[in-house]
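Participant: Given the sequences, and given the hints that come with them, work out the whole structure.
Chain by chain, the residues run as shown.
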Amino acid sequence: GAVVSQHPSWVICKSGTSVKIECRSLDFQATTMFWYRQFPKQSLMLMATSNEGSKATYEQGVEKDKFLINHASLTLSTLTVTSAHPEDSSFYICSARRTGNEKLFFGSGTQLSVL
Amino acid sequence: LAKTTQPISMDSYEGQEVNITCSHNNIATNDYITWYQQFPSQGPRFIIQGYKTKVTNEVASLFIPADRKSSTLSLPRVSLSDTAVYYCLVGDKAAGNKLTFGGGTRVLVKP
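Going down the list, the sequences are from chains A and F.
With our numbering applied, the first sequence corresponds to residues 38 to 152, in that order.
With our numbering applied, the second sequence corresponds to residues -12 to 98, in that order.
Simulated from the structure, these hints should not be mistaken for lab results.
Incorrect hints may appear among the rest.
The calculated label-pair distances, taken between Cβ atoms and stated as ranges, are [claimed, not checked]:
1. A:Thr119 to F:Thr59: 39 to 47 Å
2. F:Val46 to A:Val40: 14 to 22 Å
3. A:Ser120 to F:Pro98: 45 to 53 Å
In silico SDA-like pairs for lysine to any residue, Cα to Cα no more than 20 Å straight-line [to be verified]:
4. A:Lys78 to F:Phe26
5. F:Lys85 to A:Gln66
6. A:Lys140 to F:Thr40
7. A:Lys78 to F:Phe88
8. A:Lys78 to F:Ser(-4)
9. A:Lys78 to F:Arg32
10. F:Lys(-10) to A:Gly98
11. A:Lys57 to F:Gln29
12. A:Lys78 to F:Arg93
13. A:Lys78 to F:Thr70
14. F:Lys85 to A:Ser80
15. A:Lys92 to F:Lys85
16. A:Lys140 to F:Ser48
17. F:Lys85 to A:Gly90
18. F:Lys85 to A:Ser145
19. F:Lys85 to A:Thr112
20. A:Lys57 to F:Ser28
21. F:Lys(-10) to A:Ser80
22. F:Lys85 to A:Leu83
Example chain A residues on the side facing chain F (calculated, C-beta under 7 Å, incomplete) [to be verified]:
23. Ser80
24. Leu83
25. Thr86
26. Phe143
27. Gly144
28. Gly146
Model, not experiment: these values are computed from the prediction.
Note that CB positions come from ideal geometry on N, CA and C, so glycine has one too.
Facilitator: If you want it as structure tokens, here you go:
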């Protein structure tokens, strides 16, 4: 089955620094990837849709300058949390769907802790 | 996007069948119903998907009535390892079509 790899699985950083999270589709091409954020004991909240070769589409209330998304190739999307603050601490998850496949494949998630 | 409503939590015992019903009253004609399972600190995992009637795979069954305004995920003979959060999602199959998660159902399987 299709695999989506997410890296790193966890990261601890100081307030004010930027953190980059990578999401790769290992055995298929993904023209579209999705980024979610999940707080403890809550559901996944869609942050943005990452489109290969074009700008990401952000959900209402998500700051595009805060959460930079780059989808430079058909197998890689990155999410950069800029100038991270403690309130950005969360579990970030990416997903991708192969064209013609009904399933949405998820990465294993990245736990971000901002001190 | 079609909104889904699920019970917040359910308790069960090993070996029992667990049925989780999801309401999606405003499901669109092109929408499919997909269920995912999520363990703590992991990404969701696909369980099953259907459009109408009944779908069965090696881990679960999905029952969808004719009006498609609800669906029921059935987990036969659960084990402790089935303790997880189960999400019902409704959306179009198109690759670029986003899926929005509802609250999910937290299933606790007891020994």
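Participant: Give a verdict on every hint.
Facilitator: Going through the hints against the structure:
1. Between Thr119 (chain A) and Thr59 (chain F) the Cβ separation comes to about 43 Å, which falls inside the hinted range of 39 to 47 Å.
2. Separation of Val46 (chain F) from Val40 (chain A) is about 18 Å and conforms to the stated range, judged on CB atoms against 14 to 22 Å.
3. Checked against the hint of 45 to 53 Å, the C-beta distance between Ser120 (chain A) and Pro98 (chain F) comes to roughly 47 Å, which is consistent with it.
4. For the proposed pair Lys78 (chain A) and Phe26 (chain F), the alpha carbon gap of about 11 Å is at most 20 Å, so the pair holds.
5. Note on Lys85 (chain F) and Gln66 (chain A): the hinted pairing holds, with a Cα-Cα distance of about 17 Å set against a maximum of 20 Å.
6. Our distance criterion of 20 Å between C-alpha atoms is met by Lys140 (chain A) and Thr40 (chain F), whose separation comes to about 19 Å.
7. Proximity of Lys78 (chain A) to Phe88 (chain F) is assessed by CA-CA distance (about 13 Å); at most 20 Å being required, the pair is judged to hold.
8. For the given pair, Lys78 (chain A) sits about 12 Å from Ser(-4) (chain F) by alpha-carbon distance, which is consistent with the 20 Å threshold.
9. Taken as a hint, the Lys78 (chain A) and Arg32 (chain F) pair is honoured in the structure, with Cα atoms around 17 Å apart against an allowance of 20 Å.
10. Between the alpha carbons of Lys(-10) (chain F) and Gly98 (chain A) the distance comes to roughly 19 Å, so the proposed pair stays at or under 20 Å and holds.
11. Straight-line distance between C-alpha atoms of Lys57 (chain A) and Gln29 (chain F) comes to about 19 Å, which keeps the hinted pair within the 20 Å bound.
12. Taken as a hint, the Lys78 (chain A) and Arg93 (chain F) pair is honoured in the structure, with Cα atoms around 9 Å apart against an allowance of 20 Å.
13. Under the criterion of a C-alpha separation no larger than 20 Å, the hint pairing Lys78 (chain A) with Thr70 (chain F) is consistent with the structure, at around 14 Å.
14. For the given pair, Lys85 (chain F) sits about 15 Å from Ser80 (chain A) by alpha-carbon distance, which is consistent with the 20 Å threshold.
15. Distance restraint check for Lys92 (chain A) and Lys85 (chain F): the Cα-Cα separation of roughly 16 Å lies within the 20 Å cut-off, and the hinted pair is therefore satisfied.
16. Only pairs whose Cα atoms come within 20 Å are accepted, and Lys140 (chain A) paired with Ser48 (chain F) is accepted, the gap being roughly 16 Å.
17. With a C-alpha separation of about 18 Å, the suggested pairing of Lys85 (chain F) with Gly90 (chain A) holds against the 20 Å cut-off.
18. With a C-alpha separation of about 19 Å, the suggested pair Lys85 (chain F) and Ser145 (chain A) falls inside the 20 Å cut-off, and the hint holds.
19. This hinted pair checks out: Lys85 (chain F) and Thr112 (chain A) have alpha carbons roughly 18 Å apart, not beyond 20 Å.
20. A distance of roughly 19 Å separates the Cα atoms of Lys57 (chain A) and Ser28 (chain F); the hinted pair therefore holds under the 20 Å criterion.
21. For the hint linking Lys(-10) (chain F) to Ser80 (chain A), the alpha-carbon distance of about 14 Å falls within 20 Å, and the restraint holds.
22. Using a Cα cut-off of 20 Å, the hinted pair Lys85 (chain F) and Leu83 (chain A) holds, with the two alpha carbons roughly 8 Å apart.
23. With its C-beta approaching chain F no nearer than about 5 Å, Ser80 (chain A) sits inside the 7 Å limit, and its interface hint holds.
24. Taking 7 Å as the C-beta contact cut-off toward chain F, the hint placing Leu83 (chain A) at the interface holds, the least distance being around 6 Å.
25. Evaluation of the Thr86 (chain A) hint against chain F yields a held restraint, the C-beta minimum of about 5 Å falling below 7 Å.
26. Hint status for Phe143 (chain A): holds, given a least beta-carbon distance of 3 Å to chain F, under 7 Å.
27. Taken as an interface hint, Gly144 (chain A) checks out: its beta carbon lies about 5 Å from the nearest beta carbon of chain F, inside 7 Å.
28. Hint on Gly146 (chain A) holds. Least Cβ distance to chain F is approximately 5 Å, under the 7 Å limit.
Of the numbered hints listed earlier, not one is contradicted by the structure.
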